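Colleague: Protein sequence lines correspond, in order, to chains R and F.
Each step along the first sequence adds one to the number in the numbering used here, with nothing skipped, and position 216 is 216.
Each step along the second sequence adds one to the number in the numbering used here, with nothing skipped, and position 361 is 1361.
One or more of the hints may lead you astray.
DSS-like mimics (lysine-lysine), calculated; alpha carbons at most 25 Å apart, straight line [what the hints assert, rightly or not]:
{"id": "1", "chain 1": "F", "residue 1": "Lys-1354", "chain 2": "F", "residue 2": "Lys-1342"}
{"id": "2", "chain 1": "F", "residue 1": "Lys-1164", "chain 2": "F", "residue 2": "Lys-1342"}
{"id": "3", "chain 1": "F", "residue 1": "Lys-1229", "chain 2": "F", "residue 2": "Lys-1253"}
{"id": "4", "chain 1": "R", "residue 1": "Lys-132", "chain 2": "F", "residue 2": "Lys-1253"}
{"id": "5", "chain 1": "F", "residue 1": "Lys-1141", "chain 2": "F", "residue 2": "Lys-1164"}
{"id": "6", "chain 1": "R", "residue 1": "Lys-132", "chain 2": "F", "residue 2": "Lys-1260"}
{"id": "7", "chain 1": "F", "residue 1": "Lys-1186", "chain 2": "F", "residue 2": "Lys-1202"}
{"id": "8", "chain 1": "F", "residue 1": "Lys-1253", "chain 2": "F", "residue 2": "Lys-1186"}
{"id": "9", "chain 1": "F", "residue 1": "Lys-1229", "chain 2": "R", "residue 2": "Lys-132"}
Please keep in mind that the hints were generated in silico from the structure rather than gathered at the bench.
Quantities reported herein were computed from a predicted structural model and do not represent experimental measurements.
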Amino acid sequence: MPSMTLLGQSLVSGVLLGGLYGLVALGLSLSWGLLRLVNLAHFALAFLGAYLVYHLGTVWHVPPWWAVLLIAPLFFVFGVLQHAVFLYFRVTELTSLLATFGISVIIESALQWIWTADFRRFETHYASTSLKVGPIYVPVIELLACIAAAALAWVTWAWLRWTYVGKALRAAAEDPEIAVAFGINRRGLAFVLSGVCAAYAGVAGAFIALISTLAPSQIWTWLGVVFAVVIIGRLGNPLGALAAGVLIGAAESVAMATFSPAWAPVVSFSVLIVLLLWQPDWL
Amino acid sequence: MTRITRPWRRRHVLAGMAGALSAGLASAGRAAPSGQPVRVGSTLSLTGPLAQTGIVHKIAGEIAVELINSRNGLLGRPVEWVLLDDQSKPEVTRSLYEKLITVDKVELITGPYATAPILSAMGVAQRYQKLFLQSSMGIPKHLTYEMAFPATPFGPEPNKSYPKVVLDAMAGTPTPPKSIAILTSKFPSAQFMAEGTRDVAKERGLNVALYLEYEFGTRDFGAIAARVKDANADFLWLGALGLDSNLLLEAMKKLDYTPKRHFHLYPAPGPLALSPDGDLALSSTFLEPAPPFTDRADVPQLAAMYKERATKANVPYAELDAQGAGMYSQWQLLEQAVNGAKSLDDKVLAQWLKKNGADTVFGKQRFDGAFNHGEPGQMVRQVQNKKWVVVWPTQFAPPGVKLIAP
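Working from the sequences, and respecting the hints, build out all of it.
Modeller: Here it is in structure tokens:
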């Protein structure tokens, strides 16, 4: 039987990891839910952001928070351009899977070409820093990632709920034709949202660079768990994505502590299957 | 596709110049290889998750081909290495070996890197009855093809022999560990060794405080680190691949925990040696570029040439280690078999190797044991002053170097 300290520590680690899941899932959830585009390139973009943060930090000694300020606007522009291409080619929800898979492969190849397939690690002096709360240690970087995820999720939720733009976006997702009939500039808003999603990928990438090992092929290791998070959290629901991320992260971590680490990958899909069978009202 | 047809390059550093000079001296008085090249085909993981080690094999292989050609080639003919990228995928490896044999019509083949691609390629070699040499098959019992030979001395049962070496090293310290925590990736060769270590540890009366397996490619080690800390064993044995070691040590540091002694099976050597958390880490090896290994023929030259080229290729750890040496040994086996048997016939070459063994950078290797394996030669190395040095068995440690056990 695991000790209470072990359980508590695992729970804290899992919740913080879940924050990162939520952060990565945020842009994907918005894109899928409100633009009806399943953007697989979101993962590749997050890793491109991670590599840029790594490169700026290790080669030019740019602190990651400054790097994010540089990368997020660039990614916003990328997102806008990507959406323009999608519109031009009339990409639908289904074909977006194929198109964005292609973009992911291109980005993966570019990463491999520039930074090689070697594992990269962004070493910082604060990477191992933790806060001690009783017998529990709280890693600072993971905590910051979780706070950033919560802040972005809340701001996005508030934006969608209380602003005209947000309401228009939700209306356009709900019924595009009626929304347009009511004077909503659906196309323009979609460009903005696509840019925002890409910028969120850049932010997530910064934390991936600080927390994880980087290798181009790692893009695909996030896919399964983040998809589960997006579906459990409901498409287009930023707070749902965060909550689902925390749920999955905590469940994975507790499974690692009580059973075996080998069970962790099973957890996300088990939770998803259970919830799909149960079909609670909020899902 | 990389065709190594013009292997001569300028040397820019002293070490490389020394290598070229000795190669030149070695070839003096011999006829340069001439005629139609002997085409030797193989694949390596030049892209994909195994690429970081694939590049090590490629550099060592290129050096080997260059040196073979600087001598007399194979039967007086130059060697052309037809190298394809298997993308770290076993299914691609299988198709490419088919292509090498049936389309490219190579005369000989050598094996790829890593257990899964090796198993795929071996099936093809067996179907076409080709001699099959490999250097990184971590589970010898799967090497069931009679014309498959290992170029690295794992021995027939490394899961039994190597844990004894590691635990002997620990037992030889002033305060031998009483408990052990075993944590392993589910990567087949790591899991295989972890199970063996658990069995040997139990036989020796060590308390196995923790035995855990985690998925290959695990992203987060927070909860695993918490379990290792909770077990607080005297000795941590980690069946790690790549950067798992760094990630786990970092995760433990976040919990304010440093394992007393820690062994890492197949870590990324550079990142672990250079990390502050990697100080005094232990790992497995067969050879390091230091005495007494540098007393062996070819090792100083190979080490110097490797260092020069690995530095140029931006390989994070530019020192020769067991991986590069294994690939070089693979070509040594091929050269000695072909020139010894005076034949390119695969069956004749296999018989010659079985009968004569080969002199390699790992010393004399024999293939008369189970699964064509000879005596095991796995050792223990340790990070000391940011560099790997052999510490066990003591006769292979450089002068003045000892195992440091806190």
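Colleague: Hint by hint, note whether the structure agrees.
Modeller: Outcome of the hint check:
no. : hint                       : in the structure
1   : F/Lys-1354 with F/Lys-1342 : 15 Å, holds
2   : F/Lys-1164 with F/Lys-1342 : 40 Å, violated
3   : F/Lys-1229 with F/Lys-1253 : 10 Å, holds
4   : R/Lys-132 with F/Lys-1253  : 12 Å, holds
5   : F/Lys-1141 with F/Lys-1164 : 19 Å, holds
6   : R/Lys-132 with F/Lys-1260  : 22 Å, holds
7   : F/Lys-1186 with F/Lys-1202 : 21 Å, holds
8   : F/Lys-1253 with F/Lys-1186 : 23 Å, holds
9   : F/Lys-1229 with R/Lys-132  : 15 Å, holds
Comparing the model with each earlier hint shows a violation of hint 2 alone; every other hint is respected.
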